[in-house]
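The listed protein sequences correspond, in order, to chains A and B.
Going left to right, the first sequence walks through residues 2 to 306 as this note's numbering numbers them.
Going left to right, the second sequence walks through residues 2 to 306 as this note's numbering numbers them.
By construction, these hints were calculated from the structure, which means they are not laboratory data.
These numbers come from a predicted model, not from an experiment.
Heads up, some of the hints might be wrong.
Copies of the same chain are indistinguishable here, so a pair counts whether it falls within one copy or spans any two.
Stated by the list, open to error - Once the Cα atoms are required to be at most 25 Å apart in a straight line, the calculated DMTMM-like pairs of lysine to aspartate or glutamate come out as: (1) Lys36 <-> Asp181; (2) Lys69 <-> Asp233; (3) Lys158 <-> Asp40; (4) Lys110 <-> Asp233; (5) Lys158 <-> Asp76; (6) Lys36 <-> Glu179; (7) Lys57 <-> Asp102; (8) Lys158 <-> Glu141; (9) Lys158 <-> Glu46; (10) Lys69 <-> Asp118; (11) Lys36 <-> Glu177; (12) Lys158 <-> Asp145; (13) Lys36 <-> Glu46.
There are 2 protein chains.
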Amino acid sequence: MTVIALSGSDGPDLRALMAETAIELGQMLDRLLPKPVGDEARLFEAMRYASLNGGKRLRPFLVINSAKLFGVAADAALRVAAAIECVHCYSLVHDDLPAMDDDATRRGKPTVHVQFDEATAILAGDALLTLAFEILSSTETHADPQIRCNLVSAMAKAAGARGMVGGQMLDMIAAEAEFDIGGVTRLQRLKTGEMFAVACEAGAILGRGDMARHQALHAYAHDMGLAFQIADDLLDVEGREEEAGKRLGKDDAAGKGTFVAALGTERARAQALMLADQAVRHLEPFDGRADNLRRVAHYVVRRRA
Amino acid sequence: MTVIALSGSDGPDLRALMAETAIELGQMLDRLLPKPVGDEARLFEAMRYASLNGGKRLRPFLVINSAKLFGVAADAALRVAAAIECVHCYSLVHDDLPAMDDDATRRGKPTVHVQFDEATAILAGDALLTLAFEILSSTETHADPQIRCNLVSAMAKAAGARGMVGGQMLDMIAAEAEFDIGGVTRLQRLKTGEMFAVACEAGAILGRGDMARHQALHAYAHDMGLAFQIADDLLDVEGREEEAGKRLGKDDAAGKGTFVAALGTERARAQALMLADQAVRHLEPFDGRADNLRRVAHYVVRRRA
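With the rest of the complex left out, here is chain A (with noise of 0.2 Å):
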């Protein structure tokens, strides 16, 4: 079943650069992971577990396509890309709580808390978060203290309160809180958004960039961002189970306010495509350099899964 009209293609290219980026990012968590020894072995087996577990590891692909505009190094990028996904796994395993959004299987496999225990998976979590942001102030990511110091106030901005966690908030209380189409707009910007702007902008940070280029990627990844989730509140009506790898009209249940639920499949689907264009066209400072990025537009919206 196709989820999503194509605009444009993604080419095969995409999905075999997205897979190597997706094995130098699991080495590089792997090295960067508390080896599974010790009497908290089970801490940093379901740390182990929740990150290494073949994700997309889209928002890492983001940090190593938007620092290779900036010229910057790619161990550097790599290491900021790690931290990324740390927080973005942590998400995924509290989100996943019984108390939250209480899933058994994620990517196909048991969620955290059923592969281990509750308060093992509340831990896990917890730590990665921290490890996200022992990776960033380490002089091994980056030389200057002043952008290791700018990587760690951009993502606990785009994690904490103000970000990802308001977002999540947010979607807790929306079955009640019957958000319009500006309120859902809120939300996702702020549960799945911000981090997407992070990961593009940790590229522009990494490498210096200058603000003129920090806000196209600020405004792509913006774009893109409602794009992505917007495929996902179709996956989720539309899409199948089994190739998703989870629970799938979950939020349709729950009464959730998504873009599908404010607009209508068809219309979703429309501003999806529209804003995944939009997206594109705020590389253009870029040229041709930034192809993968346009690319990954393309895909957020025609995946599916």
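Given chain A, work out where chain B should sit, using these hints.
Then chain B, alone, in the frame of chain A:
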């Protein structure tokens, strides 16, 4: 009831000083925490409930009084103190959750998940932890990005998988693991000691203290932290619930590996006093300027809550 024999007096000064610090710290936290407005106000209210609650503010007191040893600006120390308290409060919110220690009261009030709900408590904890790193990386905390990075790095290590969260994991498995005195000491060093250590070292980081003073404060914090924890174990066995403002006797009921379980009441009491005296001796390089830290060491083994 006297929980522990006196070992020197902390004097009336200390209580007054700690109360003064608690007020200043509360005012700083109030400035740094998000105002409870907007659709996600519930999250901000829970963050405030968790942190503006009349705690002892012992870790902030350590930050501020170690910073004074190096002539650090009061506002910088207070901001770092607020960040450490955010981390401490987040850890209490998550520790109190049903899947963890399952506590319904703290400081005589309903715990966050009881007052709000579990999802809000998880998110409020996540947001407080993230806010701590936002505060530390802010230019308002210190003009020198190297110092800000050192603070972020030290805090992330102390709070993470190889620090506080690792200690909490050990605490969760202590019932089955049956730790000996070495195991209990390691558990408590991770769970409590690392955060005490970073509180004391923050002053040296802010004040660009030399290695010798850094190490002296670390050694002080290490011994004081263990004394604090033994006193906590003794309070759990001997204290009165109405004085502590929380359910007591639970460690014993859960068969957890505490100092009292490992050593017995009398030896544990003697050990706490010995550690407090030892902590004080590490402060010799600072002469009379470290009197407040000396008083703290005596206070932690005398407190009744």
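Checked hints:
| no. | hint | in the structure |
| --- | --- | --- |
| 1 | Lys36 <-> Asp181 | between (46 Å within a copy, 23 Å between copies) |
| 2 | Lys69 <-> Asp233 | neither (27 Å within a copy, 53 Å between copies) |
| 3 | Lys158 <-> Asp40 | between (34 Å within a copy, 18 Å between copies) |
| 4 | Lys110 <-> Asp233 | within (19 Å within a copy, 41 Å between copies) |
| 5 | Lys158 <-> Asp76 | both (24 Å within a copy, 22 Å between copies) |
| 6 | Lys36 <-> Glu179 | between (45 Å within a copy, 23 Å between copies) |
| 7 | Lys57 <-> Asp102 | within (21 Å within a copy, 35 Å between copies) |
| 8 | Lys158 <-> Glu141 | both (22 Å within a copy, 15 Å between copies) |
| 9 | Lys158 <-> Glu46 | between (28 Å within a copy, 18 Å between copies) |
| 10 | Lys69 <-> Asp118 | neither (40 Å within a copy, 44 Å between copies) |
| 11 | Lys36 <-> Glu177 | between (43 Å within a copy, 22 Å between copies) |
| 12 | Lys158 <-> Asp145 | both (20 Å within a copy, 20 Å between copies) |
| 13 | Lys36 <-> Glu46 | within (8 Å within a copy, 38 Å between copies) |
The structure shown violates the earlier hints numbered 2 and 10.
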